[in-house]
Amino acid sequence: MKVKHITLGSTLLAIGILLPFLTINQPQLGQVFLLMHIPALLAGFLLGGKWGGLVGFLMPLLRSVLVGMPPLYPTALIMSFELMTYAFVAGIVSSKLTYKSFHVILSLVLAMIAGRLVWGVMSVIFLSLENLPFTFEIFIAGAFITALPGIGIQLIFIPLLIHFMNRAKLIHTKWKTSSLLSNGNIYLMN
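Numbering (the working numbering), first residue to last: 452 to 641.
Just to be clear, a hint being listed does not mean it is correct.
[Unchecked claim] As a list, the in silico DSS-like pairs of lysine-lysine whose alpha-carbon atoms are at most 30 Å apart:
id: 1; residue 1: K455; residue 2: K501
id: 2; residue 1: K501; residue 2: K620
id: 3; residue 1: K551; residue 2: K620
id: 4; residue 1: K551; residue 2: K453
id: 5; residue 1: K547; residue 2: K453
id: 6; residue 1: K501; residue 2: K453
id: 7; residue 1: K547; residue 2: K620
id: 8; residue 1: K551; residue 2: K455
id: 9; residue 1: K547; residue 2: K501
id: 10; residue 1: K455; residue 2: K620
id: 11; residue 1: K551; residue 2: K501
id: 12; residue 1: K455; residue 2: K547
id: 13; residue 1: K620; residue 2: K453
[To be verified] Beta-carbon label-pair distances, calculated as ranges:
id: 14; residue 1: K501; residue 2: L557; range: 18 to 24 Å
id: 15; residue 1: V572; residue 2: Q482; range: 15 to 21 Å
id: 16; residue 1: N476; residue 2: T549; range: 39 to 45 Å
Since the hints were made in silico from the structure, they are not lab data. For each residue, glycine too, the CB sits at the ideal point set by N, CA and C.
Work out the full structure: start from the sequences and follow the hints.
Next comes the structure, spelled out in structure tokens:
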């Protein structure tokens with residue numbers, strides 16, 4: 452692994468820890484704007500599924516330990532699996548596609564669906580250990596209705612950011628499996 456890849460992963464991890472401060476540590480705003488999801492998804496696109504997934508998994512755990520939000524159990528643990536899935540799926544799906552704006556959005560949507568399903572499954576597992584209910588209605592409300600503004604932000608912001616990074620020649624967008632970290636799809640300029 453190259454130093455710049457470690458640097459990028461660390462930078463995205465730091466952004467994921469700091470970005471939620473924009474919600475003034477209000478969990479309700481975090482559930483609406485999903486600010487920690489943005490660097491996790493970018494990690495998948497920029498580092499590939501394997502390393503992006505690692506960044507996504509560590510992000511809520513480190514934020515919980517360093518800042519105290521989200522609570523480590525069960526929220527940060529559930530979010531770790533969710534963000535890992537976002538990054539992993541975004542990295543894997545986009546590595547199988549050629550670069551086109553539509554493919555960025557397709558990869559993003561598939562990652563969002565997979566991540567929300569994992570969030571639901573992990574919520575059922577962890578909350579059932581505490582004898583707390585997690586119904587289908589709670590899943591739909593949390594995964595889609597409350598999160599709608601954050602989903603919109605991600606669908607607009609992430610493709611635009613990738614597009615502008617490509618135009619500025621900060622990244623290549625020749626999505627191939629032999630690119631960054633062997634699983635990646637977008638790779639940094641030398």
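Here's how the hints hold up against the structure:
no.: 1; hint: K455 / K501; in the structure: 16 Å, holds
no.: 2; hint: K501 / K620; in the structure: 24 Å, holds
no.: 3; hint: K551 / K620; in the structure: 16 Å, holds
no.: 4; hint: K551 / K453; in the structure: 27 Å, holds
no.: 5; hint: K547 / K453; in the structure: 23 Å, holds
no.: 6; hint: K501 / K453; in the structure: 15 Å, holds
no.: 7; hint: K547 / K620; in the structure: 22 Å, holds
no.: 8; hint: K551 / K455; in the structure: 25 Å, holds
no.: 9; hint: K547 / K501; in the structure: 14 Å, holds
no.: 10; hint: K455 / K620; in the structure: 15 Å, holds
no.: 11; hint: K551 / K501; in the structure: 22 Å, holds
no.: 12; hint: K455 / K547; in the structure: 23 Å, holds
no.: 13; hint: K620 / K453; in the structure: 19 Å, holds
no.: 14; hint: K501 / L557: 18 to 24 Å; in the structure: 20 Å, holds
no.: 15; hint: V572 / Q482: 15 to 21 Å; in the structure: 18 Å, holds
no.: 16; hint: N476 / T549: 39 to 45 Å; in the structure: 41 Å, holds
Of the numbered hints stated above, none is contradicted by the structure.
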